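Going line by line, the protein sequences match chains A and B. Residue numbers for the first sequence follow numbering that gives the first Met the number 0, so the first one is 0 and each next one is one higher. Residue numbers for the second sequence follow numbering that gives the first Met the number 0, so the first one is 0 and each next one is one higher.
Quick caveat, the hints were computed from the structure, so don't treat them as lab data. All of these numbers come straight from a predicted model, not from anything done at the bench. It is possible that part of the hints are untrue.
[What the hints assert, rightly or not] Each computed DSS-like pair below joins lysine-lysine, with the alpha-carbon atoms no more than 25 angstroms apart:
(1) B:K90 / A:K513
(2) B:K90 / A:K510
(3) B:K27 / A:K548
(4) A:K659 / A:K643
(5) A:K199 / A:K243
(6) B:K2 / A:K534
(7) A:K631 / A:K684
[Stated by the list, open to error] Only part of the chain A face toward chain B is listed, based on derived beta-carbon distances under 8 angstroms:
(8) Q392
(9) G520
(10) A522
(11) S523
(12) H524
(13) T528
(14) L530
(15) S532
(16) K534
(17) V535
(18) F536
(19) Q538
(20) L539
(21) K558
(22) R561
(23) Q562
Cβ coordinates follow ideal geometry from the N, Cα and C atoms, glycine included.
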Amino acid sequence: MLTNAFSQLLFYKPRGKLTNYAISFVAISLAIAAELLLFGINITYVGVLFWLFLAVICSALVGGLYSGLISIVLSLVIVLLYTLLRAPLRSSGTREVQTLVFILASFIACYVINAVKSVYQITISILNSLQTFTIILNPKGQIVDINQTALQAFGLKRTSIVGRSLLSDLGLSYTNDTRHKIRTAIAEAREGASSRFDVKLSTAHAQTYSLDFSITPIYDRQGNVISLAVSANDITARVLTEKKVLKLNQTLEEKINELETLFKVLPVGIGISRGTENRSLTINPALAQMLNIPVTGSTSLMAATLERSPHFKFVKNGKHLRAKELPMQLAASKGIVTQELEAEIMRDDGVTLDILQYAMPIKDETHGWVGSIGAFVDITDFKVIEEKLRESQIQFKGLLNSNLIGVIVTRLDTDCTIMEANDAFCTMTGFTQADIKAGKVTWKNLTPPEFTALDEAAIKEMWQKGEAKPYEKEYLRRDGTRLPILVGAALVEPEDKVCVAFILDITARKKLEKRKDEFIGLASHELKTPLTSMKVFTQLLQRSLTTNKPQRNREYIDKMDRQIDRLTTLVEELLDVSKIEAGELPFVIEDFDLQSLVVETVKEIQAISEHHRLKITGQISGTVPGDAFRIKQVLVNVLTNAIKYSPQADQVLVELVDSKKQAVVKITDTGVGIPELDQKRVFEKFFRAGGKNKHSFPGLGLGLYLSKRIIERHGGTIELQSTEGHGSTVAFSLKKVNRLK
Amino acid sequence: MPKHILVVDDDAPILEAVEILLEESGYKVTALNDASEIEAHVVKHKPNLILLDLLLSGSDGRDIVRLLKSNPKTAQVPVVLMSADTYIKEKSGEVSVAGFIKKPFDIDELEALIVSFST
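Produce the entire structure from the sequences given, and follow the hints as far as they go.
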């Protein structure tokens with residue numbers, strides 16, 4: 000009995016599963032039955048049933064209800080087998096043969112059952128091994144089986160759901176739409192149609208699944224639907240990814256739109272080239288405007304070809320950039336990045352733009368450089384501003400370094416301390432840079448009291464308008480002397496109360512002004528002098544006319560006439576000065592006898608000079624070229640000066656010196672002479688010699704100035720030699736050869 | 000005996016004109032165009048009035064006035080300064096003079112001035 004039982008165990012290897020134990024016990028019970036038959040007990044239905052009942056009980060005790068049920072099924076199979084085999088067994092052979100046949104039949108039955116069980120086990124294993132959620136439904140839609148994957152995912156227990164409808168309350172929540180779809184699909188599958196759709200469901204653990212759901216009918220051999228296979232793929236991750244991708248796409252689209260807008264409205268010119276040749280570019284409106292070409296169509300930055308003349312060219316440092324030197328070309332063909340290349344775009348409409356160019360290659364992972372992006376920034380306006388700034392800086396620096404204008408930086412505190420000053424200011428005022436650094440120099444200590452009010456007004460004006468109009472004042476120099484200046488100032492850092500002032504030394508102008516004032520006084524004096532005598536003679540004439548004294552009348556008229564001549568000469572001299580300065584004084588150049596002219600002039604002067612004797616020595620042969628009238632003017636001037644400035648003397652010497660090339664006239668007096676300091680200046684306009692006593696000598700300060708201009712126009716020279724207190728010599732020379740232009 | 004007047008001016012025509020005018024009016028006139036001779040002349044001839052030009056060749060009329068005023072022998076003689084300068088009074092400064100006359104002048108004006116000193 001035990002031998003048989005173990006032989007059954009060999010065919011079915013129990014591995015602790017309850018069902019396996021149940022099968023083993025069936026085999027054992029069959030073996031027991033066979034032993035009984037073998038030892039002479041007759042087999043009857045009752046007997047077989049009894050032993051089977053015993054086997055089932057054993058099976059249920061050891062393997063549980065499930066094993067018990069299986070044992071019942073197997074017992075029925077054995078009963079059926081006994082029924083089939085009873086008659087042939089009884090009629091054939093011995094009891095041993097009968098027993099052997101029955102054992103063999105039992106063995107085959109067990110084997111078949113085991114095989115069926117194995118197939119089922121394999122099927123279940125396959126189902127469990129699938130990652131797809133798999134559920135077998137009966138045609139009513141009740142769950143027959145479900146795989147492990149689905150159970151785990153949905154958090155379900157197999158035993159609690161088998162036999163229940165898929166749409167019943169299993170702990171899964173569906174939307175109404177899903178529920179409707181599943182119900183329809185089950186109904187269709189029952190009719191033989193497969194369906195597939197996406198569903199969304201939540202588990203008891205509140206986990207949401209997106210599923211690719213399909214229901215397929217399973218047929219038997221006759222083509223009847225015996226069950227429905229439900230398979231569902233978890234597409235939760237895919238759906239999420241799809242959503243993300245969709246969102247990314249939207250974002251990308253938005254970004255592209257933004258970039259496109261930027262491309263269109265950016266004030267920077269942008270060109271994008273595809274291909275390494277730069278023959279075709281996409282350009283934005285800004286670049287189109289810079290290049291003066293339409294935005295649409297194919298544009299090329301390449302140089303002119305036979306088919307195409309350029310509308311523009313790129314120039315760097317005055318050199319025309321060739322196609323292969325262009326930054327975008329370098330980027331596209333060699334991957335060279337260009338940053339801030341300064342160049343010019345010269346358009347054929349004559350417009351030149353200064354630009355800064357940037358270029359970057361576009362790289363393709365498989366093909367390398369496939370194009371480039373170029374940016375063009377129009378810096379023409381900046382250039383202009385920069386240039387102007389540079390010029391003004393140079394000008395300002397020039398001003399600062401020049402010795403013409405003093406420049407000071409002042410803090411407008413109580414005393415207005417000068418913080419910085421240029422060297423011109425130091426030269427003017429006698430203060431040193433060290434004095435300024437030490438804060439010793441202020442507007443207050445530079446300004447004489449009578450000019451304080453002007454300074455205060457200027458500061459007030461600066462606070463109101465930012466600048467003070469130039470005004471004249473005086474500075475007290477370091478040594479206490481005064482300096483006339485013109486000063487203008489402007490606030491540069493109002494918050495720090497800092498201003499810059501420009502100071503012009505107007506000493507020379509003031510001197511000139513003074514000389515002009517003196518001149519006006521003198522001119523009026525000189526004009527009034529002949530008028531005085533004329534007026535007396537006129538009135539005397541009036542009186543004498545009533546007394547009828549013809550002889551006296553004529554006398555007065557003669558005297559008046561002479562005064563009119565004198566006035567005329569004065570007025571002409573003044574006119575000559577203004578004419579010679581304007582270059583309008585006419586000269587009539589002819590060869591003339593200089594010696595004769597000297598003699599004649601000396602005679603005329605001698606006639607009106609009572610105290611002085613005019614003496615001529617030496618000789619000049621031949622003639623000199625020149626304007627005799629103007630040379631006579633010079634002679635009269637120098638001779639009258641000699642007489643005027645030697646009131647105590649009685650002689651004026653006129654010396655003629657002749658040489659091959661030139662004739663020289665020297666006029667010497669033994670008068671007051673001219674101080675050494677003034678000697679260089681006697682030929683200046685309005686300058687009057689005489690030092691302290693100059694006001695004692697009438698004259699306009701024009702005679703020698705005019706004489707020098709006349710002699711220089713003749714190509715000659717005029718010089719003065721003088722010793723103060725001993726007299727002066729004025730010598731002028733004229734060239735004998737006519738070299739006048 | 001007519002009043003004695005000393006006229007000093009470096010401009011000969013003026014000197015001549017004034018001399019003629021005053022002589023015709025009955026004065027005794029001495030005309031000088033050299034400043035250096037004035038003091039000696041005044042000391043010697045004691046004129047009643049001096050008509051002195053402010054601006055003389057080589058010397059200043061004011062210096063001559065000072066000189067005359069510093070000499071007791073000449074200090075009493077009144078001096079009238081003549082000048083073409085509009086600001087003659089201002090320019091005379093502190094110099095003590097009896098009067099001023101601006102050139103060009105009316106002969107009636109000059110005569111009236113002289114008369115005022117004669118009375």
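So which of the earlier hints does this model not fit?
4, 8 and 10
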